[in-house]
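**Q** As a plain string of letters, each chain reads:
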Amino acid sequence: MYRFVFKMALNSLMQRRSRSLLVVLMISTSLWGLLFMEGIYDGMTEQLIANAIRSGSGDVVLYGKGYRREQDIKRAIANHAEILQVMAGDPRVASYSTRIMQDGLLATARGSRPARIIGVHPEMEKRHARLDEYMEQGEFDFGGQGKKAIIGARLAEKLNLKIGSKIVISAQNSVDELTSIVLRVGGMIRANNMGFDETAVLVSFARANDMLFMQGAVSQISILLHDQSDAHGVQESLLHQFSTIEAFRWDEIAPVLLQSRQMMAIFNQVTSGLVFCVAGLGIFGVVLVSVLERMREFGIMLAVGTRFRQIGLLIFYESMLLGLTGFALGAALGGSTLLYLQSHGLDLSLMSEGLNAFGLDSMVYAVIRWNYFSMALGAVLGSIILSTVIPLRILRKAKPIQAISEM
Amino acid sequence: MMNDFVRIEKISKIFTPAKGVAVAALQDIDLTIAQHDLVVLNGPSGSGKTTLLNIIGGLDEPTQGQVSLAGQRLTGMGEKEWSETRRDHIGFVFQAYNLLPVLSARENIEYIMRLQNRTSAECAARSLEVARKLGIEAVLDALPHELSGGQQQRVAVARAVASKPRLILADEPTANLDSKNGNDLMEMMQRLNEDEGVTIIFSSHDPMVINTAKRSIVLHDGRVVEG
Ligand SMILES: Nc1ncnc2c1ncn2[C@@H]1O[C@H](COP(=O)(O)OP(=O)(O)OP(=O)(O)O)[C@@H](O)[C@H]1O
Ligand SMILES: [Mg+2]
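So the protein lines, in turn, are chains A and B. Going by the working numbering, the first sequence opens with residue 27, and the numbers climb by one from there. Going by the working numbering, the second sequence opens with residue 72, and the numbers climb by one from there.
No lab work stands behind these hints: they were computed from the structure. Glycine included, each C-beta is placed from N, C-alpha and C at the ideal position. It cannot be assumed that every hint is accurate.
To be verified - Part of the chain A face toward chain B, derived, beta carbon under 8 Å: (1) M27; (2) F30; (3) F32; (4) R136; (5) P140; (6) L318; (7) E319; (8) I326; (9) G331; (10) T332.
Unchecked claim - In the SDA-like style, the derived pairs of lysine to any residue whose C-alpha atoms are separated by at most 25 Å in a straight line are: (11) K285/B with K151/B; (12) K151/B with K100/A; (13) K100/A with N235/A; (14) K33/A with T190/B.
Kindly produce the complete structure, drawing on both the sequences and the hints.
**A** Dropping the structure here:
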């Protein structure tokens with residue numbers, strides 16, 4: 027019986043071939059577009075977050091107690107050796123890096139701009155933030171005696187600096203004296219993290235230590251995790267073990283980033299809702315029209331003893347065939363497009379000037395999430411059910427048996 | 072019992088197509104029809120033939136009175152019971168466009184047996200047997216729109232008879248056919264009535280067709296005037 031009704035459903039869709047094809051194409055292309063959009067937008071958001079995390083705080087960041095409230099260089103972490111030892115034994119931790127940070131001024135013969143002096147260990151940063159990959163010009167290296175500095179690309183543009191340009195960096199040290207050193211520009215870095223690219227002046231850790239009179243203490247320990255969802259656990263356990271530090275997760279340091287992820291999720295939901303209103307109306311319209319134009323056929327079926335619910339099953343099969351074929355086709359097209367864009371990326375270099383400013387690279391790699399598909403499937407199933415139930419109610423009211431003698 | 076296989080008692084049907092308008096399509100009809108009979112309902116247009124057939128077949132409800140088939144009361148059944156009674160005991164042939172357009176002639180003939188969940192082998196054997204009797208075995212795989220009007224009506228008769236109902240109701244089965252095809256169809260109905268012993272009630276106002284019946288009931292203005 028079920029097979030027979032299914033066959034009837036298939037036959038009646040085939041008999042209205044071009045109409046059925048149109049709906050299937052309508053559903054699949056809107057799903058394709060939707061998946062593409064979701065994957066690319068999420069890819070952009072994740073890249074923005076990843077860039078900000080990598081070149082900035084890390085997944086978890088440690089400061090000396092009270093530093094976040096008042097960024098005073100004296101609130102530094104002195105017992106970092108002990109902390110690093112604990113982290114080296116923590117399997118959740120992927121990498122870490124110790125940094126000295128102080129806000130100061132970068133001056134050249136032509137002018138000056140505020141700068142964030144960051145003292146780093148180049149080898150550690152290569153492993154950790156992979157800052158060397160962000161180099162736009164020059165080498166990620168501070169020279170034998172640490173006489174070179176690497177500066178943010180946007181800062182370099184603003185001050186019109188070239189490789190080899192002489193710069194003077196000045197800042198207040200930990201004993202409240204104003205100190206300055208003279209360095210040469212060794213390279214430009216662009217991490218597509220706006221704050222970083224506009225202010226960063228990277229110097230060797232030893233240089234920063236001397237200049238700012240840190241006596242071996244560090245301002246910041248940035249930690250990257252294997253799995254971002256461990257951030258809370260790592261934060262808790264470090265706070266528990268060390269009373270001299272404060273620890274923050276990336277989403278506490280930069281809540282805007284988390285918000286942008288949440289906004290994107292809402293945006294995706296709204297878009298998929300809209301797209302499926304269109305697809306749903308497509309199925310609904312086609313099923314409704316085909317029910318109305320088959321009034322006599324249903325009348326005959328009922329007259330010879332077909333139960334009303336068997337006709338319901340027939341209509342359900344028809345909308346299911348339309349909806350699921352459209353879904354399968356759209357999911358296949360969209361899924362393979364996203365798979366391709368996940369590994370090959372989408373080249374947005376034409377508009378990358380604008381994108382860089384927002385913290386994006388010119389290559390965007392798509393994200394694929396199961397919930398793109400499950401949400402779309404849910405919407406398709408919802409439209410299938412509506413496209414069955416409403417035409418059936420209309421059919422019942424129309425008393426199709428009477429349509430037989432009326433012709 | 073044999074003689075009142077179909078019992079129609081005090082049937083009236085009043086249509087109210089609009090408020091305050093009442094059309095008495097049938098008035099006080101009392102009839103009995105014997106098993107294995109071949110009965111024609113005849114009468115001018117508007118005399119109530121279709122209305123009466125629809126009430127016997129449960130496609131419409133009488134305003135008053137009741138119908139029974141083989142001693143079983145049909146009037147007042149629920150949707151499920153009525154569906155099953157029609158499916159299992161009554162075959163229908165309508166004036167035209169009887170067939171389900173998405174199914175082949177064979178599938179149309181098998182349709183009711185499929186609803187009854189009979190096996191494919193049983194359906195195939197029976198549809199072939201009936202198709203042979205009606206001379207349509209060559210067109211079994213065609214779709215309805217590929218068949219002539221005469222062939223379509225024969226497929227409709229084949230469907231009505233295939234599931235071996237006790238009663239076949241046919242409302243002007245030949246009205247859309249030329250006289251040759253009409254006569255052929257009636258001859259086949261006669262043969263089925265004899266071979267399979269199925270009781271047939273049909274309506275017509277074509278004198279040629281009326282002559283094929285064993286018994287004629289004449290309606291006029293919703294009343295039985297003869298038979
Ligand atoms: N659904 C309906 N609503 C209102 N009046 C109806 C309805 N069906 C039939 N009638 C009326 O009932 C009367 C009997 O109609 P019916 O169709 O039974 O006649 P008939 O003998 O079959 O006629 P014909 O030979 O033209 O088919 C007619 O006056 C008709 O107008
Ligand atoms: Mg009639």
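**Q** So, for every hint listed, does it hold in this structure?
**A** Each hint, compared with the structure:
1. Because the beta carbon of M27/A sits about 6 Å from the nearest beta carbon in chain B, less than 8 Å, this interface hint is met.
2. Restraint check, F30/A versus chain B: the minimum CB separation of about 5 Å is within 8 Å; hint holds.
3. Interface hint at F32/A: violated, since its Cβ lies 12 Å from the closest Cβ of chain B, which is beyond the 8 Å cut-off.
4. For R136/A, the interface hint is violated, since its Cβ never comes within 8 Å of a Cβ in chain B; the closest pair sits about 83 Å apart.
5. Because the smallest distance between the Cβ of P140/A and any Cβ of chain B comes to about 77 Å, over 8 Å, the interface hint for this residue is violated.
6. Checking L318/A against chain B by beta carbon gives a least distance of about 15 Å; that is not within 8 Å, so the hint is violated.
7. Residue-level restraint check for E319/A is violated (minimum Cβ-Cβ distance to chain B is 11 Å; threshold 8 Å).
8. For the restraint placing I326/A at the interface with chain B, the shortest Cβ-Cβ distance is roughly 6 Å, inside the 8 Å limit, so the hint holds.
9. Because the beta carbon of G331/A sits about 3 Å from the nearest beta carbon in chain B, less than 8 Å, this interface hint is met.
10. A hinted interface residue such as T332/A counts as satisfied when its beta carbon comes closer than 8 Å to some beta carbon of chain B; here the least separation is about 6 Å, so the hint holds.
11. A hinted pair counts as satisfied when its Cα atoms are at most 25 Å apart, and K285/B with K151/B does not qualify at roughly 34 Å.
12. For the hint linking K151/B to K100/A, the alpha-carbon distance of about 87 Å lies beyond 25 Å, and the restraint is violated.
13. The suggested pairing of K100/A with N235/A holds, with an alpha-carbon distance near 12 Å, which does not exceed 25 Å.
14. Simply put, K33/A and T190/B have alpha-carbon atoms about 16 Å apart, close enough for the 25 Å limit, and the pair holds.
Going through the hint list in order, the structure does not satisfy hints 3, 4, 5, 6, 7, 11 and 12.
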